[in-house]
Amino acid sequence: MMTSEKTVSRAANTAQAWTRLSPVAIAYFMVKFTLRFIKEGLQTALPGLAVFIASVDNKLFWLSITLPVLLLLIVLFAALYWWNYKFRIQDNEILVDQGVFKKQRLNLNFSRVQNVNIAIPFYFSPFKLVNCIFDSAGSSKAEVNLPGVSGDFATQVRQAVFNYHRQQHDNSRSSQDVENQTETAIHDSGELVLQLDNKEAAKYGLTNMTVLVLLAAFMPFIDDIGELTKRYVIPEIEHILTFMGIELQNGKAVAAIVLLILVVAVVIGFSVLAALLRYYNFRLFDDQSKLTRFAGLLERQQISVAKHKVQSIQISQNMIARLLNRVSLSFKQFGTANFSMAASKDIMIPLLPPDKWQAISQRVFATHGGNQAFTPIHSAYVRRVFGYFWLLPIGLLCGIGGWFAPVIWFGLVLLAPLLLIIYLNYRRYGLWFDQDYAAVRSGFIGQKITLFPLYKVQKISFSQSRGQRRLGVANVQIIIASGALSLPYVPIDSVYQLTNRALYLAESDPRDWM
Amino acid sequence: MPTFSNQPIASDELPQVEQQTYEPLADNAPWESFWSATIFNSILLAGVAILLVVANIPFTLLVKLGLLLVVLVMAFSYWHTFASHKYKGVRLREQDILFKKGMFWRSVTIVPFNRIQHLETHRSPIERKLGLASLKFYTAGGAGADLKVSGLEVQRAEQIKYKVLQKAGLDLADQVEDKHDNDDI
Numbered sequence: 001m002m003t004s005e006k007t008v009s010r011a012a013n014t015a016q017a018w019t020r021l022s023p024v025a026i027a028y029f030m031v032k033f034t035l036r037f038i039k040e041g042l043q044t045a046l047p048g049l050a051v052f053i054a055s056v057d058n059k060l061f062w063l064s065i066t067l068p069v070l071l072l073l074i075v076l077f078a079a080l081y082w083w084n085y086k087f088r089i090q091d092n093e094i095l096v097d098q099g100v101f102k103k104q105r106l107n108l109n110f111s112r113v114q115n116v117n118i119a120i121p122f123y124f125s126p127f128k129l130v131n132c133i134f135d136s137a138g139s140s141k142a143e144v145n146l147p148g149v150s151g152d153f154a155t156q157v158r159q160a161v162f163n164y165h166r167q168q169h170d171n172s173r174s175s176q177d178v179e180n181q182t183e184t185a186i187h188d189s190g191e192l193v194l195q196l197d198n199k200e201a202a203k204y205g206l207t208n209m210t211v212l213v214l215l216a217a218f219m220p221f222i223d224d225i226g227e228l229t230k231r232y233v234i235p236e237i238e239h240i241l242t243f244m245g246i247e248l249q250n251g252k253a254v255a256a257i258v259l260l261i262l263v264v265a266v267v268i269g270f271s272v273l274a275a276l277l278r279y280y281n282f283r284l285f286d287d288q289s290k291l292t293r294f295a296g297l298l299e300r301q302q303i304s305v306a307k308h309k310v311q312s313i314q315i316s317q318n319m320i321a322r323l324l325n326r327v328s329l330s331f332k333q334f335g336t337a338n339f340s341m342a343a344s345k346d347i348m349i350p351l352l353p354p355d356k357w358q359a360i361s362q363r364v365f366a367t368h369g370g371n372q373a374f375t376p377i378h379s380a381y382v383r384r385v386f387g388y389f390w391l392l393p394i395g396l397l398c399g400i401g402g403w404f405a406p407v408i409w410f411g412l413v414l415l416a417p418l419l420l421i422i423y424l425n426y427r428r429y430g431l432w433f434d435q436d437y438a439a440v441r442s443g444f445i446g447q448k449i450t451l452f453p454l455y456k457v458q459k460i461s462f463s464q465s466r467g468q469r470r471l472g473v474a475n476v477q478i479i480i481a482s483g484a485l486s487l488p489y490v491p492i493d494s495v496y497q498l499t500n501r502a503l504y505l506a507e508s509d510p511r512d513w514m
Numbered sequence: 515m516p517t518f519s520n521q522p523i524a525s526d527e528l529p530q531v532e533q534q535t536y537e538p539l540a541d542n543a544p545w546e547s548f549w550s551a552t553i554f555n556s557i558l559l560a561g562v563a564i565l566l567v568v569a570n571i572p573f574t575l576l577v578k579l580g581l582l583l584v585v586l587v588m589a590f591s592y593w594h595t596f597a598s599h600k601y602k603g604v605r606l607r608e609q610d611i612l613f614k615k616g617m618f619w620r621s622v623t624i625v626p627f628n629r630i631q632h633l634e635t636h637r638s639p640i641e642r643k644l645g646l647a648s649l650k651f652y653t654a655g656g657a658g659a660d661l662k663v664s665g666l667e668v669q670r671a672e673q674i675k676y677k678v679l680q681k682a683g684l685d686l687a688d689q690v691e692d693k694h695d696n697d698d699i
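Here the protein sequences come in this chain order: B and W. So that you can map any letter, position 176 of the first sequence is 176 in the working numbering, and since no number is skipped, the others follow by simple counting. So the number in the working numbering is just where the residue sits in the second sequence, counting from 1, plus 514.
These are calculated hints, taken from the structure and not from any lab test. None of the values given here were measured: they were computed from a predicted structure. Where hints are given, some of them may not hold.
Over the 12 Å line for every Cβ pair with chain B, so calculated as not near, a few chain W residues [stated by the list, open to error]:
| id | residue |
| --- | --- |
| 1 | 556 |
| 2 | 577 |
| 3 | 591 |
| 4 | 600 |
| 5 | 626 |
| 6 | 645 |
| 7 | 669 |
| 8 | 672 |
Simulated DEER-style distance windows between Cβ atoms [claimed, not checked]:
| id | chain 1 | residue 1 | chain 2 | residue 2 | range |
| --- | --- | --- | --- | --- | --- |
| 9 | B | 396 | W | 590 | 16 to 26 Å |
| 10 | B | 62 | W | 592 | 55 to 65 Å |
| 11 | B | 198 | W | 619 | 43 to 53 Å |
| 12 | B | 73 | W | 561 | 43 to 53 Å |
| 13 | W | 590 | B | 397 | 20 to 30 Å |
| 14 | B | 70 | W | 574 | 45 to 55 Å |
| 15 | W | 574 | B | 396 | 14 to 24 Å |
| 16 | W | 552 | B | 71 | 38 to 48 Å |
| 17 | B | 391 | W | 574 | 30 to 40 Å |
| 18 | B | 100 | W | 632 | 33 to 43 Å |
Glycine is no exception: its CB is placed at the ideal position from the N, C-alpha and C atoms.
The following block holds chain B by itself, in its conformation from the complex (with noise of 0.2 Å):
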């Protein structure tokens, strides 16, 4: 028997009796449960938030009681969780018993695994520990996962995978998959692509301002929030101001803005520090059929991305990105647009400067000439748009409110931001494409391109209105496997070429769009 062979047989009979996961596993899932709630269990909340806000007076008093209640709730729920959590590995499939309430049981073969993942969150570190993640793409209960495994226990279980993958088919492409992913040991995989510097992924916390719908969480809190900070921050700060020698007339005032330059300086800086701990000593490597990315400061996480699996590639670029000279790539891959689990297997550089995502992408989509100029949408896009969906429903609000109460004319104000942005809109729509590849533009002050290939259409159409008829365009979508792509009033020519040529790569292409 080979060493590989002794080795998977070892890792067999380790886990052919229910095993249980290590109890360091409780403190993965007190984190899982934690920001399943915040994500989840929120939003079921909101009635009996709602009516807490209306009615309830001293707010900060129960919360002060509720959080440590659902605290110890999390803890004993995740130990209990631990508790009858158990597996094992027998006849190429790997069995999983969880669940407290509502027993499950979960089989998943190795002929379905896609992907086998590992990420090593830091409480694991000092145990040797790893969650041991087996992906089979394409859905969105995607994941088995096996937290506080020993990382030799993944790594053997990982060739048991290989190992079934290349007795059922040689030379397939998926068996391809797991052996490349097999030969990849918990580290550094092919040759070293891009590094990061730390540098940019504290900036990509600069560009990515998702921190701010936390803010909204405190939005019911406000009155109380603000009368704390009228009677205890905003004196101290006047004093402190008085105490630097700074003298003021309106001392309130100064206070109030220098408080919230300091929560907007807070804000900024928790979003900076998620960015760091997402995307810390951030590498991608390449070992010529897959990209494997690894990153991450309190868990270092492995993400592997077989090329032929990319469906597009995303290149982004907001507002604060464009002051700081940076795009973001990302590499999608199927049922990304409609599976938020599923997005997170996408492969995404935070930022890099304009002149290196061409390079990068071209490891994936080797011939596509993607920095091309794009084709503009047709002018008539702003009249019509502005015309027929605002300035038509406006006026006449306007005008039939305008003759009850005169003030509702002023609603006419906004038609002019709107012109603005929709201005904005034309400027960014754009497509281009090529014999093999295609990419759509949009955006308004940053931009977005999406760049793919054309034999990965799933499906296209597109319509005209009458109106859109007489100009000769047309409104098109393209739907991938990552997603739907639109852009409207495209020339009608652009469009024909376009759907023939995609058409043809779509069925004629011996390549498997997945």
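Use these hints to put chain W onto chain B, whose structure you have.
For chain W alone, coordinates are given in the frame of chain B:
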């Protein structure tokens, strides 16, 4: 070793989607929409009438105008159902299916057979009464990636379904050998 060839193909040598002719849907297809809309409208109007009576809402000018608007919209939708029928059509080619629809907004949708994940036949009670069926083609890419063709005669729907499944099955097995040839069927 097989002879390798990679001659460029000019755009005008490709099958032209803009030159396709389409087969019309079943003659009685608009009646399915008509009866579905009638059932819905009847329930809606009955609900409004009950509300007016139960809530004792006075039959003022505004209420009359509102009801008139609702009736006009319904009448327009009935007219549109029959008037737009002639703008609908389906075309099966060797490698894909095309569907066009729309009177004011005209759209064409094309789905290659080798992208169809699975195919369903739907028959509502009204469709069963009228001898009609709908076909729904599912592709990768989410709900927006699906194509529904309604208003087909049952027999034609079965024929299309059989052909599509056959073509998809053939393509999967024989894709290396098939030449791309997209003449009309």
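Quick check: which numbered hints come out false for this structure? Violated hints: 5 and 16; rest satisfied.
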